[in-house]
Amino acid sequence: MWSRKVKVNSYFWCLFLSVGFSTVAVNYVFEPTTKKKQVSHHLVLRSGTAVLSRVGRSRPIRVLNRLTIVMSDSSHYRPTAAEYRRFDLLAVYPTTEKLFHAACMTYDVDIICISVTEKLPFFFKRAPVNGAIERGVAFEVSYSAAIRDATMRRYTIANAIALVDTCKGKNVIVSSAAEKRLELRGPHDAANLSLLFGLSDADAKEAVSSTCRSVVLHAERRKSAGGIIHTTKTSPEETPPTPDDRTSTANHKHPVWNKTDMIGP
Amino acid sequence: MCADLERIPRTLLVSERSSFQNQKNQLSAHVGQHHFNYKVSVLLPECGSAPPLLDAALNGFSSFYLIRNLPVYMLLDQDFLQTAVHQGSVYGLSFGCRVDEDPCVALMPNGRLVLSLDKDSFELLGFERKKYRFTKRATSRYVVSVNFSDSSMTPGGRGYQRLLTGLKTHLPLVVDFLVSHHPGGTTALQPLLSRYDWSEHRPSVSTRCLANLPCPLLTSDLQSCDPHSVLDWLGAVDADVSCENSSSSFLSTMVCPEPKTTASSALNVSVSGFLNPHEIHHLIQELRSYLDQSQLASWVALTVHGFTDSPVSWAGDERSVLWSGNTFYSLLLFKDDTYQLHLATGAHHTCPP
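Protein sequences, first through last, are from chains A and B.
All residue numbers for the first sequence refer to the numbering used here, where the first residue is 943 and numbers rise by one.
All residue numbers for the second sequence refer to the numbering used here, where the first residue is 235 and numbers rise by one.
Chain A with its partners taken away, still in its complex shape (with noise of 0.2 Å):
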């Protein structure tokens, strides 16, 4: 089920605008085995995709790449590898306290997924979650497992209120992690849902819109080494841009304040 790919067409785009989401991140599960150590090229949406425009609205719908990276050792983590840069946004899955431990206080990712289909294998500690906060590192909390099973239903919502009780509500996100069309929910019905996990009204709300716009303006900084470095994609076709557009590609660059979901593989 991790490395099941779904076919992304313009009917999920559609599906996206029509529930409300202005960005939506395209993610892809990597568990490292053995055989396979490092991340499939092809799996990258091509940038001809990543901005589509919106029926009767005038901004487009963002579509970013993402990489989760499922962890059950701490080599499974490569800091320098070179194909995380190809994805926009970074998370990783600890499976063990060390992992999230590590995690929250070392590693430069931008989003931390808690387990949410099975019971919590170690607690929440305030310690290394208020140092994942401090560095500007997010919480995720999915939901389509709670659509699916009753039985993970209970997982979700008792994992989740361990974490918010844990964070104050801070820097928590919620994403569908959809990997069919009817596991897929609107903003709104994104953050009532987060009620049931103990977030205030306001922090349901950001947990579907600035909490995802943070991480995303995260993920960029980390890209561009703390906001030093800024580059653009070129498409082989396109002329290399003048130093003018590229000031006022970083200026376009400039994200938007959207609502946001990420869906599975």
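There's no promise every hint is true.
Lysine-lysine pairs mimicking DSS-like chemistry, simulated, CA-CA at most 30 Å apart [unchecked claim]:
id : chain 1 : residue 1 : chain 2 : residue 2
1  : A       : K1040     : A       : K1067
2  : A       : K1112     : B       : K353
3  : B       : K353      : A       : K1165
4  : A       : K1110     : B       : K353
Hints listed in this document are in silico derivations from the structure and should not be mistaken for laboratory results.
Fit chain B to the given chain A structure using the hints.
Positioned in the frame of chain A, the structure of chain B alone reads:
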């Protein structure tokens, strides 16, 4: 530890009962303070067709204009301020913008311009803001409110220049803008209409004749029926939702509030667009005349809905962006010249006056 499941978004409902004979009744003020009206629904029990004067009032709402890609700094144009804002009443609202996502603009008839901005836009604009009331962490929405009647906002004034520079240079906002003017119309809006792509729109009117409609027995005192039940029922009638609660249908379990009667015929008229409070007030007067002359009807109902994405709530006050929902009010008129007014808004909005 457990989530507080009892803490759910609430709604606000303010009910008022008064008479048109009472000099101090606040109906005109309430109608006038609800600046941005999207839809007016009228329910006339025991009525097959509207009389001519009422029909003229329902079809007589004035046109409004949609200006495409209007730079917001043009709302500070001196000609526009002189011909439209300072003379008569101009109503303007950004169109196609989501209030919790996009920058939204509202121009109110009292000469107040409200910009509801996100963090990035606000920081680019470089203008002072009001403190957001609905969350302790003011990171979600920033409201900039200026009054053109203030001395600092007169053309050439310090605040005016600063806002103009901000909107022209730092934050060149461009929105689709719904605008109407009372009583000037196109003439008063010429400074804007002459420069940008615009289209004129008439409010759309839809009429439904309902037969054998179960109606609650409404009386002028507030004890006859629970206001929430009455509003639910009015909404069900307007949305054409069945209130029979039949066992064969699982779509609707709504019922008409008790005690109830059956109206042999009823007329439901909806007018939607960008509606003027002055014309809604005129419609209310026509409904009063109709009720005086009608032999069968003992009450009529009028419901006015606001815009979901309006950046202002009642009387131009700030609204919350945490949850969706618009403001609306329902007016029940009775034969004895009394009325019941129910003012409602969503969770976290400013309480109706």
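Verification of the supplied hints:
1. For a cut-off of 30 Å, the pair hint linking A:K1040 to A:K1067 stands: about 11 Å separates their Cα positions.
2. Straight-line distance between C-alpha atoms of A:K1112 and B:K353 comes to about 18 Å, which keeps the hinted pair within the 30 Å bound.
3. Only pairs whose Cα atoms come within 30 Å are accepted, and B:K353 paired with A:K1165 is accepted, the gap being roughly 23 Å.
4. Taking the CA atoms of A:K1110 and B:K353, the gap is about 23 Å. The hint holds against a cut of 30 Å.
In the structure shown, no violation is registered for any of the earlier numbered hints.
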